[in-house]
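Student: Quick mapping for you: the protein sequence lines, in order, are chains A and B. Under my numbering, read the first sequence as residues 1 to 249, first letter to last. Under my numbering, read the second sequence as residues 1 to 267, first letter to last.
No wet-lab data here; the hints were simulated from the structure. Here the structure is a predicted model, which means the values were calculated and not measured. Warning: the hint list may mix true and false statements.
List of simulated lysine-lysine pairs, DSSO-like, C-alpha gap at most 27 Å [stated by the list, open to error]:
1. A/Lys213 x B/Lys240
2. B/Lys53 x B/Lys230
3. A/Lys20 x B/Lys136
4. B/Lys50 x B/Lys240
5. B/Lys136 x A/Lys213
Non-contacting residues of chain B with respect to chain A, defined by C-beta distances greater than 10 Å in every case (computed) [said to hold, decoys possible]:
6. Glu40
7. Lys50
8. Gly76
9. Leu77
10. Gly108
11. Phe111
12. Leu116
13. Arg132
14. Ser167
15. Lys183
16. His224
17. Lys230
18. Lys240
19. Val243
20. Tyr245
21. Lys259
Ideal Cβ placement from N, Cα and C applies to all residues, glycine included.
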Amino acid sequence: MNKFFLEVTSIASFTLRFFKEVFKPPYEFNELAKQAFMIGYKSFGLVAITGFIIGLVLTIQSRPTLAKFGAESLLAAMVAVSIVREIGPVITALIFAGKVGSGIGAELASMKVTEQIDAMQVSWTNPFKYLVVTRVVAATLMLPMLVLFSDAVGLLGAFVGVNLKGDVSSTLFFSYIFNSLEFKDLMPAVIKTFFFGFAIGLIGCYKGYYSDKGTEGVGKAANSAVVFASLTVFIIDMIAVQITSLLDY
Amino acid sequence: MATQMKIMVEDNKQVSTETTETTEKSIVVEMINLKKSFGEKKVLVDISLKIYKGENLVILGKSGTGKSVLIKCIVGLLEWDEGDLVLFGQAVSNLKRNELSELRKKIGFLFQSGALYDSMTVRENLEFPLRRQKVKIVNDEINLRVEEALANVGLSDAIDQMTSELSGGMRKRLGLARTLILKPEIMLYDEPTTGLDPITSREISELIIQVQKNYDTTSIIITHDIECAKLTGNRIIVLKDGVCYAEGSFEEMQNSTDKWVRSFFEY
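Pulled out of the complex, with its shape left as it was, chain A reads as follows (with noise of 0.2 Å):
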């Protein structure tokens, strides 16, 4: 229990010295862009199949359970909504843990073993402000991007999945889509989406930047960043739905 309060006090005052970091020149944009490239552009890929095969399997699942009460009918607007709302924003925020603070983790903790943050202390940088600013503003800003992206792809997933026993056109597709979405059910979404990336960004750079025991600790950074960030994403789901609901959004 101990151990516990320690490592949130830690926590705490690692995002206290965040907020204390970001905002105070010298800004390093150069590397922020640079993280943005690496955490962003490179994780299109991963998450447009994951997003495509979601779509397609989502409304390939629903199809049966829609058509046993008449509603095939809303089988678009049903995909739309629950992809747009949370299947997108969680499960491509999920991947993002697996693959961004996986490796934020283990390159941090590497570059602790390795000296390479203590070097940078000694060539008039400020490691903290250089590798963890830029890493956690970069997943806070490139997180809902991809999820607009793998929103947008889990959507020609699902027009694909409805096309599998059907026929329907893009246009009447796409055109039912838009008109069943509502700001109300995308705002909220990318909002808490924000909030997912600098969860795993900053929970990422926590695990790596302490990391101890040598190489084993490597491992270890790695490892429990993503566990420790999924369920991070998870119970600010649950609170950002709670907020939601309250607000009767």
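Once you've looked at the hints, dock chain B against the given chain A.
Tutor: Below, chain B without anything else, positioned relative to chain A:
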């Protein structure tokens, strides 16, 4: 050169006057009763030490005696618990953060592992500290200094390689080049020959001497390698249980009357 009068006194009577000429040396680093613990473990118990301009000081000692901790305190990677550190005549405890930061820019640190940035090429590794300076320099100047630094350590051909493609000796050389590119006044070497074969170790030791001559640096060399200590050190300090246990030239240490110190040199 300065003339120093060494007066020998016996029973309050001046019996002889000896005049000697000594090289005037300024103290660049001074540690005053430095203490450092990690939890219950006292690593530096009481270290008082002066390091003079232009000398190569070798610090020897068994693993865990606080050698690396000592130089990490100098460069600012660790904070000590008690005592004080004087850098270039200025007590660190009296300095503001930015003043201390400016002062520490005069100190270079060669890490045991080289601490090269894996994600960068050899060129980028060398450019990194140059681009991080407050004083901005133009690209042509950066290129010139990178090429010069690489030529000094014999790595000109490796400029576009990734650091993972380099051998152990090359990594140490590159680490040294990266430190020297900022033209530091004090060089701190953390076990520069660890993990290298005897021939490469000798090359690195010779490079340390060459650096001292070319750049007129003051060096503190932490090592377990007695051959490196013999080649590079003007003065040797042996640490034991967190204190400076013995001090002298290599020959003095080797012929010490203390069995423990002597055993260190029986290799």
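Student: Take the hints in turn and mark each one as holding or not.
Tutor: Hint check results:
| no. | hint | in the structure |
| --- | --- | --- |
| 1 | A/Lys213 x B/Lys240 | holds (26 Å) |
| 2 | B/Lys53 x B/Lys230 | holds (19 Å) |
| 3 | A/Lys20 x B/Lys136 | holds (26 Å) |
| 4 | B/Lys50 x B/Lys240 | holds (17 Å) |
| 5 | B/Lys136 x A/Lys213 | violated (38 Å) |
| 6 | Glu40 | holds (18 Å) |
| 7 | Lys50 | holds (23 Å) |
| 8 | Gly76 | violated (8 Å) |
| 9 | Leu77 | violated (5 Å) |
| 10 | Gly108 | violated (8 Å) |
| 11 | Phe111 | violated (5 Å) |
| 12 | Leu116 | violated (7 Å) |
| 13 | Arg132 | violated (5 Å) |
| 14 | Ser167 | holds (16 Å) |
| 15 | Lys183 | holds (13 Å) |
| 16 | His224 | holds (18 Å) |
| 17 | Lys230 | holds (27 Å) |
| 18 | Lys240 | holds (26 Å) |
| 19 | Val243 | holds (25 Å) |
| 20 | Tyr245 | holds (27 Å) |
| 21 | Lys259 | holds (35 Å) |
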